[in-house]
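Participant: Residue numbers (our numbering), protein chains in the order written: chain A, -1 to 447; chain B, -1 to 447; chain C, 5 to 502; chain D, 5 to 502.
Simulated from the structure, these hints should not be mistaken for laboratory data.
Just so you know, even glycine gets a beta-carbon here, dropped at the ideal spot from N, CA and C.
Any given hint might turn out to be false.
[To be verified] Restricting the straight-line Cα-Cα distance to at most 27 Å, the calculated cross-link-like pairs of lysine-lysine (DSS-like) are:
1) C:Lys376 to C:Lys8
2) A:Lys220 to C:Lys471
3) A:Lys295 to A:Lys250
4) A:Lys250 to C:Lys404
5) D:Lys8 to C:Lys495
6) A:Lys228 to A:Lys250
7) A:Lys295 to C:Lys471
8) D:Lys249 to D:Lys318
9) D:Lys489 to B:Lys250
10) D:Lys302 to B:Lys391
11) C:Lys404 to C:Lys8
[As the list claims (entries may be wrong)] Not close to chain C: a few residues of chain A, all C-beta gaps over 10 Å, as computed:
12) Thr15
13) Glu31
14) Pro37
15) Arg87
16) Gly88
17) Pro96
18) Gly174
19) Asp190
20) Glu224
21) Gln285
22) His392
23) Lys429
24) Ser433
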Amino acid sequence: MRYLPKSETERREMLDTLGLDSIEDLFSHLPEEARLKRPLNIAPGKSEYEIVEYFRARGEETAASYTSFLGAGVYNHYRPVLVDTVVSRGEFLTSYTPYQAEIAQGTLTTIFEFQSMLCQLTGMDVANASMYDGSSAVPEAAMMAVRVTHRNRVLVAKTVHPEYREVLRTYSQHQGMPVDDFGYVDGAGSLDLADLESKIGNDVAAVIIQSPNFFGIVEDVKAAAELAHKHGALLVVAFTEAVSLGLLSPPKEADIVAGELQSFAISPSYGGPYAGIIATKEAYIRQLPGRIVGETKDTHGNRAFCLTLATREQHIRREKATSNICTNQALIALMATVFMSVYGKEGLRELAEQNLAKAHYLAEGLDLQFSAPFFNEFVLRTEPEALNAELLKHKIIGGLPLGRFYPELEGCMLVCATEMSKRAHLDQFKKCAESVVQPALVAPRGGSL
Amino acid sequence: MRYLPKSETERREMLDTLGLDSIEDLFSHLPEEARLKRPLNIAPGKSEYEIVEYFRARGEETAASYTSFLGAGVYNHYRPVLVDTVVSRGEFLTSYTPYQAEIAQGTLTTIFEFQSMLCQLTGMDVANASMYDGSSAVPEAAMMAVRVTHRNRVLVAKTVHPEYREVLRTYSQHQGMPVDDFGYVDGAGSLDLADLESKIGNDVAAVIIQSPNFFGIVEDVKAAAELAHKHGALLVVAFTEAVSLGLLSPPKEADIVAGELQSFAISPSYGGPYAGIIATKEAYIRQLPGRIVGETKDTHGNRAFCLTLATREQHIRREKATSNICTNQALIALMATVFMSVYGKEGLRELAEQNLAKAHYLAEGLDLQFSAPFFNEFVLRTEPEALNAELLKHKIIGGLPLGRFYPELEGCMLVCATEMSKRAHLDQFKKCAESVVQPALVAPRGGSL
Amino acid sequence: MIRKTRPHITQNEPLLFEISSPGKKGYQLPELDVPPIDAKKALGSQNVRDEIENFPEVSEVEVIRHFTRLSTWNYAIDLGLYPLGSCTMKYNPRINEVVARTEGLAWAHPYQPEALSQGAMEILATLEDLLAEITGMDAVTLQPAAGAHGEMTGIFLMRALLQSQGNPRKKLLIPDSAHGTNPATATMAGYAVQNIKSNERGLVDLHELEKFVDEDVAGLMITNPNTIGVFEENITKITDLMHSKGALVYMDGANMNALVGMARPGDFGIDVMHLNLHKTFSTPHGGGGPGAGPIAVKKALEPFLPTPRLRRSKDDQWTWDYNRPQSVGRVRAFYGNFGVLVRALAYTLAHGGDGLRRATLDAVLNANYIRKQLEPYFDLPYTAPSMHECVFSDTRQVKKGVRTGDIAKRLIDYGFHPYTVSFPLIVPGALMIEPTETESKSELDLFCDALISIAKEIEEDPQMVLKAPHLTRTSRVDETAAARKPVVRWKPGQSSSS
Amino acid sequence: MIRKTRPHITQNEPLLFEISSPGKKGYQLPELDVPPIDAKKALGSQNVRDEIENFPEVSEVEVIRHFTRLSTWNYAIDLGLYPLGSCTMKYNPRINEVVARTEGLAWAHPYQPEALSQGAMEILATLEDLLAEITGMDAVTLQPAAGAHGEMTGIFLMRALLQSQGNPRKKLLIPDSAHGTNPATATMAGYAVQNIKSNERGLVDLHELEKFVDEDVAGLMITNPNTIGVFEENITKITDLMHSKGALVYMDGANMNALVGMARPGDFGIDVMHLNLHKTFSTPHGGGGPGAGPIAVKKALEPFLPTPRLRRSKDDQWTWDYNRPQSVGRVRAFYGNFGVLVRALAYTLAHGGDGLRRATLDAVLNANYIRKQLEPYFDLPYTAPSMHECVFSDTRQVKKGVRTGDIAKRLIDYGFHPYTVSFPLIVPGALMIEPTETESKSELDLFCDALISIAKEIEEDPQMVLKAPHLTRTSRVDETAAARKPVVRWKPGQSSSS
Ligand SMILES: Cc1ncc(COP(=O)(O)O)c(C=O)c1O
Ligand SMILES: Cc1ncc(COP(=O)(O)O)c(C=O)c1O
């Protein structure tokens, strides 16, 4: 096997050192009944060439050559070449968690930069080194709020990504952390503050919203914060479209920001790996889950970085840890770091502006379900299946039919445009959208822009 | 421009240091009539995304998804992933010729390994660090022979790659180095020793043959060497299919070996860049063109490597240099070095055996023009245009029609199979070949295996 | 004597923020092909930020130099042995990186039509089957993002099964040798933790165990081989005991590298377990992640697995089944760390059944070879047969005032990444060494020579070891200062002595 | 004071041959799907070798570690400034590496049907046009593999034109400041070399030149800007003079980085020239190559260009024209270093016309900025205005026994690759410095500080400089010993102290 760097002679020499006849002898103490008596039922090893061909064939059984208008938490953004150039360096790719700081300053420095840039983008004071993804960052943020407030109820907006809310429910079920939804304003698509007000109380640890929300709509973070704070709850702001942070006001009124960085040069890769992030106020740093890198000095007084505040973590605190997370998404976070470095201050803004322009050009003249301002996604009233079928004929993957997540939005689809969406495709989409007959002709709500 | 690491402020500061108003002032001394008074007529700079799309579109205007039976000096062999992994490391990719040995030991060591492996493969004593390609290595070898023998005539076999012979002619024309061809044995396809004998004389510096020759046939190096040496000429053995060296007897009877390493993990890339090589006997080392790396020590007695025997080269000897070559094909030679390291002793042999097996399976039952033993290419008697047209229908690129280079082989094509040729494609080729009617039914020469 | 390294110049490099200058650009976007939009008009001016304060502005060449220079400050598997016990730092085949970037896979959107996702779904289904065969279990979910995430999922499953039987119970039994994620997981699943003392051989003590198993016990979280690298000889007795009390057994599969092809948890009574694909299946650690922590279960637990599940439809297409009434629900969005799963499948295909077994054999051979060479120089508190790793104690060196952490730092000068320090907790001052199968004999010999040479240094010149490392660009780092007054982000006007 | 580097451990590594062991494998081939062939039967046993003696046998992980470790012993542009005068070591954009690997391009066979090669041919045609526009010439061939190869091609073209006019003539005039490839090329083209002494300003001396131009002179090989980085102020007078004598002017375009977008050789009388795409157009040097040395010519020379030539067929397809009766013939097989040409085109597309001009401006700004800072510390023998590079002399330092080569070695300790040493020959002990446009101000400042600091060291402690480098894993290398008894290959039983 080409990954095993030994010749038979060398194995023999090693066995002699051990005074053994065969390597199998090293397993002779395994209880008889625990041993596998037959070879694994797995085909013989394949060559590199065959492996490449196998995955290439699988790749051709997908949508390789299609254009897509899907967003809904996963976005098609251009991945600058430097991203893979950097993460392909063995020194980053094949290193472990930087526990031994003296030979891990490379990784530690990039994480420190990652944390810093995330703070600048979100308006928070501190950020951790990454979470599994946005969907698991949200419940971790809620648990954090519970620890901070010593309350346990959580209110989550229905405009938060439906799958994130499912994950929140899974996590919460055994932690005595009841979760309730609150709604959105019908014609607007933004969170329903009145409904929130009616449900909030002094048992609420966290109010969780998302902005831009699942419908692409920019939420009123300030108002939500005031309401939450009035009742002593923390406001958790989630985000799925990190590119929006280049243009939108940072959610600085939030107490915790929990987001997904997939938009920052992380390929959609059928759902993962992505990188989640939690950022918060200085005061709550000791309640943060996950790893944190801090600045310090070496014995010669040189600036150095190391993992810090480990007393929050499972390997020290065990059952009292802030979370059980250990391995995180370091290399993916590095992709995001390189992405942010390449685009920089001006680039992130221009990128966001292009996304805004493309989505609004697409929406122009179409029948929108909601009237509130949106970033690069919007909800379209149409015959979702019919429209998508029509688009497929042009090798275009349309939007996400919303009935699956929101029964009340049966005749709607969520549509996204990014800087990768070419005008020709946008026009094609509009043409198809107009050609598809509307569902039972109710007077269009929200109305077209 | 994203490749220019300066802000306007910084340019301003630098201009202040120089006491200038604008950078253009640095060009004010250029004679009026020499200055370009208008902007270059070249479109504005493009983004990475647009550049990727441009080349992807060009790539789709080629044979991306086709299977090919072309060889003729350029072969389809699998490129192990480690090759690009290694040559993509900035430390190799973006370094210059290793003149400063103390910070170039990485490159120098790999070249030393390259030279050593090439000696082991060819049976020669010394090898240089690379030439532009096989076609330019051949005339350089001839010029070397001229320097060694103080003779000037060159005899080249017609079975040497036709384009190599053209290059030889171009190089030779102004060096008082007359070049004459000698033929091949009709039914056999191997070099015609009698014809060579009739043309050779004591004015001949070099006899140049290729093995496997252009028809894929393994030549009798020993016999050619004896003949050449009998007349005081050097024998130059060229090769285009380096994979054959894993199985064939090394041309150790040759005085100079000049070859092309494209087969060693160098992609066909529409004809280049490839890597040529010249290897020879110890005695002729000072007549070698190109760079050579040698072993030495540093001041602490550590083993070290450096460029050596520079007194052969243009930057020292100027008009008396062995060649004008300066930049060579270092990174491509590194690809070959990694390839040889991955396959190793056993792998190169097994690879060659697979090539042999595939080509002979393909030839089985087909009408071959020549009877002499061949490696992974052979000459097929057929209606070349008709067969290739038929094959294209199956997205298969057939062989090379030989009429273009050998009028006497009008009804023939050169066909190649490698380890990448799948049985299904081989069978498809055979089916098509049989379906295509033969040219005017002469009794098949050479005959089928 | 140091045989493996020599010092060489490495480039210093400031933080990105410190090389930023207004107007420098590392990007260019395509010309906008639609009319621009006035953001303030479209979104309301209160929703639009003026700028991203202090965000870096650098050019492309500065970006590549920045990260290339930083990378040279790292140690990595590509540079040498990385013997972190329990972490299984084995060679990460580069082919896996290539196939994970296959266009149709890397750009597959999780919501694209199933008809246009068959290739991706086929990959997931194939990997599920292979992992079931390797573990001897009945069903696998690939959703969890890492081992700890898998542990949480697995305990949720146990809880759901017990719940469905009427009582989720209150406690989980966890040996004191367990990894920190085990107890932390128990808490997240709402279980109290009952620690089980290991016996003098470092194994789970059956009698001790019996004392604690009762109707309040939901199950046992066991690691096998355990964290001292020893196979639990009584494993079947243990699982029988738990089952006899209606409790379940969760296995932490972080050490599966010792068993693949030789023994299967499904065959020795395990009900549910996780695998760390970023350990046993060679997907790169990448400085801390990403990973993947699939869960393998016995039939009884299958109905509770997270949604969605892959199902073969009548027309022989793969489809996602969301209709799983008993499911514990999702543990993350979408289907798992797909890109990591692709790499793990590539690893499995490259080895094949026999190759996987041979890898296990070499992994155990390497660990025992190291143990044999180092036994004369370091205390081996537990002498039971080692499998894929061996754990020494610094007790002998402590007499000279040198601790495992100091030995680790000195090892760096010798050109090796340290072993795992001070874990497991049942070993005083542990040196936990796991070479994995992808190390050559000469690399192992150099490693043993280094530790033996350090053992001698400790006798002759402990200071040399206590002040190590001496040959790195960064000398020993002050972690206490970092925690005392945490500086976790760059701020303008902050020190810049890189 | 050294501000740019700190020493850090780097891994030692033996030669591949020294880690080889029989039976280790780094490869696997697909199962052979056709019957195996007995090689001795098929080829004759005398044609089949028994084995490849002493050829290495290593595993995949050893291969990647071997080359990764070796790579850390190299300096590179990705690590910092690489101010080799005349070599134009600028940033190599990574996007160029990506597009060169586009499947349809990387796997295009030179003999595949033209109908299936249009994309590749289109790329070549586009690049030819761009280079013609940039140089102000009428036609371009992309066939030469490097600058020197281009020189040879260009001189062949001149010879062919003169030949066609009845007399190829005998001599080429070459300034004493010229690069070594120029005279070496003349010889390969069968011309005698007449050196032309530069004047006191380092430029071609018109009167000197007049002395030598006669009916035996085929032409002049001139480098402009010349090798001291100065623009030949009399260039049009020079070209007029040559033309008036029926001679031609070849321009060595290695220094085009100083002119692109600002001046065009075609506009100042050049008849034929080469470009080094691996300099001016940023294709990577890769430790010594590959390069590409296209030749641009005026109309009169076009008929003689190497075959084949690209032609647009009536049905608007690209086709290769082999029917060029006056052609000098091929200078290499196929069409040139296509993969390098793809990179050069990507570079040009990325910049666009304006970007190319701005690059030139920054290149010249950087060189003059360095010149200004170093003038107080080093002798500047020629004070004419510098363009893209500046050349100092070590005369002042020689008084302390320190030569340019020593200063170069000390610069290594400071974290920089040295400048070009002892070239051009008209400058005693030359320090030839070319920063290129892709260097930031801070990198330039660090470089100047380093050289200034070394100048001071030479005053105070010349030994420090004479014994440099001190901080590299390999100290000063004995090149004399290497040449005395050349060891140019590994042999069994050879020393192994890596
Ligand atoms: C024994 C053991 N259990 C669990 C874990 C946690 O796995 P992960 O880091 O993938 O969450 C680890 C990894 O460090 C481990 O070594
Ligand atoms: C001035 C000059 N002329 C010619 C050459 C030769 O070019 P190449 O190395 O591409 O053959 C060089 C490159 O070193 C050069 O600097």
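Participant: Now look at each hint and say whether the structure bears it out.
Facilitator: Now the hints, each set against the structure:
| no. | hint | result |
| --- | --- | --- |
| 1 | C:Lys376 to C:Lys8 | 22 Å, holds |
| 2 | A:Lys220 to C:Lys471 | 53 Å, violated |
| 3 | A:Lys295 to A:Lys250 | 31 Å, violated |
| 4 | A:Lys250 to C:Lys404 | 53 Å, violated |
| 5 | D:Lys8 to C:Lys495 | 23 Å, holds |
| 6 | A:Lys228 to A:Lys250 | 17 Å, holds |
| 7 | A:Lys295 to C:Lys471 | 15 Å, holds |
| 8 | D:Lys249 to D:Lys318 | 41 Å, violated |
| 9 | D:Lys489 to B:Lys250 | 23 Å, holds |
| 10 | D:Lys302 to B:Lys391 | 44 Å, violated |
| 11 | C:Lys404 to C:Lys8 | 26 Å, holds |
| 12 | Thr15 | 6 Å, violated |
| 13 | Glu31 | 6 Å, violated |
| 14 | Pro37 | 5 Å, violated |
| 15 | Arg87 | 5 Å, violated |
| 16 | Gly88 | 3 Å, violated |
| 17 | Pro96 | 6 Å, violated |
| 18 | Gly174 | 7 Å, violated |
| 19 | Asp190 | 18 Å, holds |
| 20 | Glu224 | 14 Å, holds |
| 21 | Gln285 | 13 Å, holds |
| 22 | His392 | 14 Å, holds |
| 23 | Lys429 | 15 Å, holds |
| 24 | Ser433 | 20 Å, holds |
Of the hints listed earlier, those the structure fails to meet are numbers 2, 3, 4, 8, 10, 12, 13, 14, 15, 16, 17, 18, in rising order.
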